[in-house]
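**Q** The sequence shown begins at 76 in the working numbering and counts up by one.
Take the hints with a grain of salt, since some may be wrong.
Unchecked claim - Label pairs and their calculated CB-CB ranges:
#1 107 <-> 79: 31 to 41 angstroms
#2 186 <-> 114: 22 to 32 angstroms
#3 187 <-> 104: 21 to 31 angstroms
#4 188 <-> 125: 29 to 39 angstroms
#5 162 <-> 122: 25 to 35 angstroms
#6 186 <-> 105: 30 to 40 angstroms
#7 156 <-> 83: 33 to 43 angstroms
As the list claims (entries may be wrong) - Lysine to any residue pairs mimicking SDA-like chemistry, simulated, CA-CA at most 20 angstroms apart:
#8 106 <-> 130
#9 114 <-> 141
#10 190 <-> 204
#11 114 <-> 215
#12 160 <-> 176
#13 106 <-> 116
#14 153 <-> 136
#15 78 <-> 95
#16 160 <-> 132
#17 83 <-> 134
#18 132 <-> 116
#19 132 <-> 87
#20 190 <-> 176
#21 160 <-> 212
#22 78 <-> 93
#23 77 <-> 93
#24 78 <-> 102
#25 77 <-> 106
#26 204 <-> 139
#27 78 <-> 111
Because the hints were derived from the structure by calculation, they are not lab data.
Cβ coordinates follow ideal geometry from the N, Cα and C atoms, glycine included.
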Amino acid sequence: MKKEDLKKFTEIMMGLAENYPGTSFTSNGLKLRFAALEKFSIDQVEGAAVRIIQTHKYNSMPTTADIINAIDPVQDNKAEIEAGKVIEYLSRFGASIEPRFEDPITRHLMSHRWKWYAWASRVQESELKWWTRDFIRAYQAHAGGGYPLGIDFNPLGELLSCQALEA
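Make a model of the complete structure from these sequences and hints.
**A** What follows is the structure, given as structure tokens:
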């Protein structure tokens, strides 16, 4: 979007907000949403808003990340696929064998947010529906740049590398 799209963007956001009673905006909040969605065209944002109000998916005003997912649903599907991989691994191997997920976001989530052994040894099948929802939201937040993956720090590995160099 360009700066001249700000008026239409504000109209789109206000129109979207009318579908969710009690929603209010500040000028700073709208500017922040605009900045976060700037890489998309105004037509893409408008199309996403139309798709959102055509569904019953949200009970409150969708977040900027929700709008991005409405523009680019591939990210949403990717998160669901990765959640499925975690559940499949859990059902095949249980908690005893820690997986090495190829996807960096999944690997990060399953080693930092949900530590594999602790999570896998106590999660109940009835809780997986809710866990899947939480995993998808966390995955989307990371994929959207909301949270950095951080640095995997292994002091023992670095110590062993230093000792190998000295030898």
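**Q** Against which earlier hints does the structure fall short, listed by number upward?
**A** 1, 8, 14, 15, 16, 17, 18, 22, 23 and 26
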